[in-house]
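Residue numbers (the working numbering), protein chains in the order written: chain C, 214 to 510; chain X, 214 to 510; chain U, 214 to 510.
There's no promise every hint is true.
Remember, identical chains collapse to one label, so a pair may be satisfied in a single copy or spanning two.
As the list claims (entries may be wrong) - Derived lysine-lysine pairs resembling DSS-like cross-links, with alpha carbons at most 30 Å apart:
id: 1; residue 1: Lys491; residue 2: Lys379
id: 2; residue 1: Lys509; residue 2: Lys269
id: 3; residue 1: Lys468; residue 2: Lys491
id: 4; residue 1: Lys443; residue 2: Lys496
id: 5; residue 1: Lys443; residue 2: Lys379
id: 6; residue 1: Lys324; residue 2: Lys439
id: 7; residue 1: Lys509; residue 2: Lys483
id: 8; residue 1: Lys483; residue 2: Lys379
id: 9; residue 1: Lys443; residue 2: Lys507
What the hints contain is simulated information worked out from the structure, not anything from laboratory work.
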Amino acid sequence: LCPPGVLPLCCRPPAWDRATRPPPSPLQPPGIPCRSFSNNKIQVELDGSSGVAMMKLKSPPVNSLSLELLTEFSISLEKLENDRSCRGVVITSAVPKIFSSGLDITEMCGKSTEHYGEFWRAVQELWLRLYSSSMVTVAAINGSSPAGGCLIALSCDYRIMAENPKFSIGLNEAQLGIVAPFWFKDTFVNVVGHRTAERSLQLGSLHPAPEAHKLGLVDELVPEEKLMEKAAAVMAQWLALPDHARQLTKTMMRKAVLDRLVAHREEDIKNFVTFISKESIQKSLRMYMEMLKKKKS
Amino acid sequence: LCPPGVLPLCCRPPAWDRATRPPPSPLQPPGIPCRSFSNNKIQVELDGSSGVAMMKLKSPPVNSLSLELLTEFSISLEKLENDRSCRGVVITSAVPKIFSSGLDITEMCGKSTEHYGEFWRAVQELWLRLYSSSMVTVAAINGSSPAGGCLIALSCDYRIMAENPKFSIGLNEAQLGIVAPFWFKDTFVNVVGHRTAERSLQLGSLHPAPEAHKLGLVDELVPEEKLMEKAAAVMAQWLALPDHARQLTKTMMRKAVLDRLVAHREEDIKNFVTFISKESIQKSLRMYMEMLKKKKS
Amino acid sequence: LCPPGVLPLCCRPPAWDRATRPPPSPLQPPGIPCRSFSNNKIQVELDGSSGVAMMKLKSPPVNSLSLELLTEFSISLEKLENDRSCRGVVITSAVPKIFSSGLDITEMCGKSTEHYGEFWRAVQELWLRLYSSSMVTVAAINGSSPAGGCLIALSCDYRIMAENPKFSIGLNEAQLGIVAPFWFKDTFVNVVGHRTAERSLQLGSLHPAPEAHKLGLVDELVPEEKLMEKAAAVMAQWLALPDHARQLTKTMMRKAVLDRLVAHREEDIKNFVTFISKESIQKSLRMYMEMLKKKKS
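Working from the sequences, and respecting the hints, build out all of it.
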């Protein structure tokens with residue numbers, strides 16, 4: 214299935230071979246089914262008995278996707294991916310009312326072009342890892358989830374959202390005067406179809422949870438207090454399938470879209486850096502940040 | 214985003230740069246916010262204060278898309294596109310009960326191959342301009358809209374239809390024994406998805422307004438007397454977005470389908486001319502016209 | 214429309230030219246409008262007056278798609294395709310409660326690689342013929358229809374299913390530890406869209422009839438005793454269209470997906486043979502067959 218040349222992620226030594234690997238080594242100390250590791254901004258807890266990891270974004274006040282958080286996210290995913298005992302991951306937020314506010318604007322404003330490039334590569338890296346993950350990925354969306362936050366949810370295998378009309382989700386980049394990159398768009402189209410994506414992206418819509426459900430942007434709504442219970446139940450359903458077949462199927466469904474970024478990755482970084490460096494765009498972003506500050510105070 | 218080589222429309226000097234252009238020159242006479250121009254078959258009125266143009270098809274009895282009307286339509290769009298003060302256009306009909314009956318069959322029957330070629334190029338030109346327009350385009354569908362009339366509606370950003378079950382809309386070419394070209398199909402699939410398009414195109418279905426709404430062929434139904442009011446409200450919502458970002462997003466969504474015709478334009482003309490010149494097809498069209506005449510009398 | 218080189222099916226001497234052929238020869242004996250032929254596992258009855266053939270799978274206990282049945286199916290389709298008086302075919306089952314249980318696992322288990330290759334070519338052949346058929350194809354799904362049975366239904370122009378929640382349908386390959394090939398997936402995506410296909414394929418879901426209808430996997434549900442009546446009515450609606458235009462439209466909608474298999478046919482066979490020959494897969498299939506045997510007894 215791989216195009217010629219070495220591809221970083223979607224064509225890595227197939228993670229799905231883990232399915233036929235032996236179970237976790239008996240040398241592993243028994244009675245300690247739960248391992249956890251924590252970075253500055255991400256908490257991970259892996260339940261060795263179920264094979265399910267809980268990954269919590271914890272970067273108050275709004276889980277902005279800073280370079281640091283993005284890097285920790287990618288590293289955490291990689292660790293889990295390489296852990297034989299981990300088969301699924303639930304992604305959620307440790308911050309009340311917000312899943313993630315999306316890309317950290319301060320990383321895109323008043324910095325060097327080198328910084329912009331490094332930042333964008335980290336955004337790509339996270340998406341490439343998450344969208345191609347061989348693990349079952351479930352988003353437990355316990356708060357609002359605009360822009361990059363929405364992308365994270367869209368990249369999972371299943372999306373459950375708290376049934377709270379105050380929580381909204383969407384790719385609202387156009388509202389900020391910027392444009393969602395093509396691979397955000399491709400991911401969105403794969404979930405909601407072309408027409409819904411076209412309209413929502415052009416209007417930069419943030420959809421309240423009930424509307425998001427109606428559009429197919431999220432798969433299910435549950436009362437907030439039932440979110441984790443539901444995520445566990447969904448995970449169990451997906452893990453009932455043989456890993457190998459499920460993973461090959463996932464690859465088949467997502468490969469075309471993953472390959473498109475892989476093939477144009479450097480070009481995409483260059484485009485982003487050029488675009489974001491424009492004085493008109495910088496001005497828009499400064500104004501937006503001013504507005505946010507005023508709103509806060 | 215542009216492929217190599219100069220492309221006519223979808224890659225023109227980016228119209229979205231108008232967004233960062235200065236507002237209309239102060240030399241422009243104040244107090245005259247409304248300009249209008251009129252051709253034989255199209256009336257255009259531009260409200261300089263809102264930036265919204267109203268474009269009305271006025272070619273009784275059924276707004277057939279003749280070579281003349283198509284040409285006027287393309288010229289009018291170009292004028293508005295080049296007018297700094299125009300940001301959106303509402304397309305509707307000045308003829309009661311009919312939005313547009315589609316391509317004028319008399320242009321396709323008993324004429325020279327040169328004429329068929331010229332006619333088809335004009336159909337392509339209108340679609341290329343409308344589907345790639347940098348303006349917000351809203352179809353206010355105040356009557357039936359078969360075939361080419363449906364294509365015009367499908368090419369807009371938003372479709373509002375009068376809530377009248379007697380009005381129907383669809384790509385019914387198959388009913389006439391002809392085939393919708395691939396770019397009609399691509400535009401249709403982008404709006405309603407593959408399955409709905411496949412079934413509707415094979416059956417040549419004309420969907421009554423309520424069904425068209427259910428299928429996603431139109432976005433909204435309103436009582437006929439509220440149509441213009443609703444179109445203005447929708448337009449205001451879309452114009453609230455920064456032009457630049459909205460336009461880049463629109464291009465991203467539509468470019469693949471636009472490029473496909475651009476790349477095969479001459480071939481598509483040749484195919485059309487060959488197909489329409491066949492005696493069997495000419496006979497079908499003559500029979501259809503006879504039927505229409507009898508129906509009228 | 215044809216790519217260079219001779220293609221087997223979707224680019225055969227266009228079957229749609231039959232539309233302009235003369236009606237059945239008057240030399241044909243009058244008063245015998247009904248012809249039938251029967252193979253071991255398929256019964257075909259053609260009603261010469263309506264131009265509609267009824268094709269019944271009759272391979273108890275579950276209409277497994279064995280090499281023999283697949284071959285008879287392809288030959289029957291070809292016969293009808295070449296019969297001027299046949300314009301449409303209804304596909305259904307002569308076995309109670311089951312439409313078809315899908316590919317015959319005994320053909321994929323414990324056989325030679327040559328056999329696997331021959332078997333897979335027969336599966337491809339059936340799909341290429343059915344999905345590209347110039348006839349109107351209606352699936353009258355009068356029982357459960359997993360895996361390859363579902364593919365047959367998906368390849369028709371219209372799907373009517375008995376309104377019985379005990380009957381289910383879906384591409385459940387993942388449940389068996391195997392993976393639906395890309396052209397099963399492409400056919401599925403064309404019917405239900407990318408997201409529904411992604412979720413359903415990864416979970417290997419078998420959808421009860423009401424759910425299948427909600428997802429768009431089948432077009433209509435009717436009480437079981439009305440199934441044939443409804444199929445006839447739907448067929449009449451589709452046959453009301455001129456064949457030529459309908460067939461060209463169908464080709465336009467399906468060609469991309471057909472061409473993809475045609476271009477990769479030998480590679481696809483090789484992939485299948487390699488995959489199915491793996492000891493781990495053979496073991497899965499043996500276990501599955503054991504389970505089925507136990508269930509039976």
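We went through each hint and held it up to the structure:
Proximity of Lys491 and Lys379 under a CA criterion of 30 Å is satisfied in neither setting, with 34 Å inside one chain copy and 52 Å between copies. Taking the shortest alpha-carbon separations for Lys509 and Lys269, only the intra-copy value of 24 Å comes in at or below 30 Å, while the best inter-copy value is 47 Å. Taking identical chains as interchangeable, the C-alpha atoms of Lys468 and Lys491 lie at most 30 Å apart only when they sit on different chains, with a minimum of 24 Å there against 33 Å within one chain. With identical chains, the CA atoms of Lys443 and Lys496 are never at most 30 Å apart, being 43 Å at best within one copy and 34 Å at best between copies.
In the homo-oligomer, the alpha carbons of Lys443 and Lys379 lie at most 30 Å apart both inside one protomer (20 Å) and across protomers (26 Å), since each shortest distance falls under that limit. For the identical chains of this complex, Lys324 and Lys439 are neighbours neither inside a copy (42 Å) nor across copies (50 Å), given an alpha-carbon limit of 30 Å. Proximity of Lys509 to Lys483 under the C-alpha cut-off of 30 Å is found in neither arrangement, the shortest distances being 34 Å within a copy and 62 Å between copies. Within a single copy, Lys483 and Lys379 get their C-alpha atoms no closer than 37 Å, and across copies no closer than 53 Å, so neither meets the 30 Å cut-off.
With identical chains, the CA atoms of Lys443 and Lys507 are never at most 30 Å apart, being 38 Å at best within one copy and 34 Å at best between copies.
The structure does not agree with the numbered hints 1, 4, 6, 7, 8 and 9 stated previously, though it agrees with the rest.
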